[in-house]
Amino acid sequence: MKFGVVTFPGSNCDYDAYKAVVESFGEEAVYIWHKDHDLRDADVIILPGGFSYGDYLRAGAIARFSPVMQEVAAHAKNGRPVIGICNGFQIACEAGLLPGALLRNESLMFVSDAVYLRVDNADTMFTSEYESGQVLRIPVAHGDGRYTADESTLDALEQLGQVVFRYVDRDGATAQSANPNGSMRSIAGIVNREGNVLGMMPHPERALDPLLGSADGRGFFESILAKVGA
Amino acid sequence: MKSFRVSVHITPRKGILDPQGKAVEGALHTLGFDGVREVHVGRHIVIETEAPSEREAEANVRRMCERLLANPVTEDFEIESARES
Numbered sequence: 001m002k003f004g005v006v007t008f009p010g011s012n013c014d015y016d017a018y019k020a021v022v023e024s025f026g027e028e029a030v031y032i033w034h035k036d037h038d039l040r041d042a043d044v045i046i047l048p049g050g051f052s053y054g055d056y057l058r059a060g061a062i063a064r065f066s067p068v069m070q071e072v073a074a075h076a077k078n079g080r081p082v083i084g085i086c087n088g089f090q091i092a093c094e095a096g097l098l099p100g101a102l103l104r105n106e107s108l109m110f111v112s113d114a115v116y117l118r119v120d121n122a123d124t125m126f127t128s129e130y131e132s133g134q135v136l137r138i139p140v141a142h143g144d145g146r147y148t149a150d151e152s153t154l155d156a157l158e159q160l161g162q163v164v165f166r167y168v169d170r171d172g173a174t175a176q177s178a179n180p181n182g183s184m185r186s187i188a189g190i191v192n193r194e195g196n197v198l199g200m201m202p203h204p205e206r207a208l209d210p211l212l213g214s215a216d217g218r219g220f221f222e223s224i225l226a227k228v229g230a
Numbered sequence: 001m002k003s004f005r006v007s008v009h010i011t012p013r014k015g016i017l018d019p020q021g022k023a024v025e026g027a028l029h030t031l032g033f034d035g036v037r038e039v040h041v042g043r044h045i046v047i048e049t050e051a052p053s054e055r056e057a058e059a060n061v062r063r064m065c066e067r068l069l070a071n072p073v074t075e076d077f078e079i080e081s082a083r084e085s
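Sequence order for the protein chains is A and B. Per the numbering used here, residue 1 is the first one in the first sequence, and the count goes up by one each step. Per the numbering used here, residue 1 is the first one in the second sequence, and the count goes up by one each step.
Hints may be right or wrong, so weigh each one.
Said to hold, decoys possible - Cross-link-like lysine to aspartate or glutamate pairs, in silico, DMTMM-like; alpha carbons within 25 angstroms at most:
1) B/K22 with A/D150
2) A/K35 with B/E66
3) B/K14 with A/E151
4) B/K14 with A/D169
5) B/K14 with A/E23
To be verified - Below, a sample of chain A positions facing chain B; criterion: calculated Cβ distance under 7 angstroms:
6) D55
7) R58
8) A101
9) L108
10) T148
No lab work stands behind these hints, which were simulated from the structure alone. Built from N, CA and C at the ideal position, the CB exists for glycine as well.
Next comes chain A alone, as it looks inside the complex:
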C-alpha cells in the first residue's frame, strides 16, 4: 500500500507520518510537495501536522488553497482515504472536506500532552481494529484544537456516527478536565459522511512504540491496512 504525505511550507510532522508508515509498518510512502499536481498513485493521503504558512490568518486557511489540494479534494470525492492529523485536520476543515472549524484552545495555551481518547465509532476504515468504547492514550500538541460547529452540525455528526474519537478521562468518561482544548462535545476526531475523510487533533503516528510512551496508535494504521489494503 502506498501512502502520500503532503508537505506544506511549515509542516513538521510529515517526517513522523512517513516514518510511521515505512518503519513501523513496512509500507510504501512518498512525500508530495504542496505545489505538485500529482498524488503519485498514493492510496491514502495524509495531511500532516505542523504550522502550514505559519498559521497566518487562521490555521490551515492558506494551505487549503495549495495547488495539491485540488487533487486531494478529487481523491476524497472519489471515496478514497484522506487523513488530516492536527494541522491536517485544520486544513481539511478549511477546505470543506470536513464540517466545522478548529479554534484557539479555550485555555489560550499550547497544549503538549498525552491524552485519553475513546473510540466512539469502531466501524470506520480508520478504527476497525479497535473496539468500540476502547480508551487510547495518544499525544496531542496544538494551540488551535477547539472543535467548533453549530448545534445542528454537531447533532448530525453524532446521529450519523461521524464522531470517531472523543477526549475522555482514564476510565473513558467525558469530562471538562479531560478535554485539553475545550472542544464542543469533547470531539477529538471526526469522519465525513461518506467515511473516507478523517480529521483528528491527536497524533496516532507518535504512538507506535511503548518505548515512546504508547503504542495505542498502531490500531489506527492497522485498520487502514486491513480495510484499504485488502
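We have chain A already, so just place chain B on it with the hints.
This is chain B only, laid out in the frame that chain A set:
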C-alpha cells in the same frame, strides 16, 4: 482602474466562545474599567485594490471575505466603505 483602500473587520461570531476576548475583558476589569461588559478580539485587514468603482472594490473584498479572509463557520465580517487611495 482606480485604487481603493478597503478595511475589513473580522470578529468571532456571537455565541461562539471567545477565550481571547474573555482574557482581555478580565484584564480590563483588573485595570479598573468596571464598565466593560464584553470584549471580542478579531482581525482588521486593510486591502489596497484596483477596481473600476467603489462598489466593485467592495464587492471584490466581500468575495475575498467569503472565500478566504473570514471563516464562514465561526466568524462574521464587516466591510468599511472603500476609499479611493
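Structure-inconsistent hints, enumerated in ascending order: 4, 5, 6
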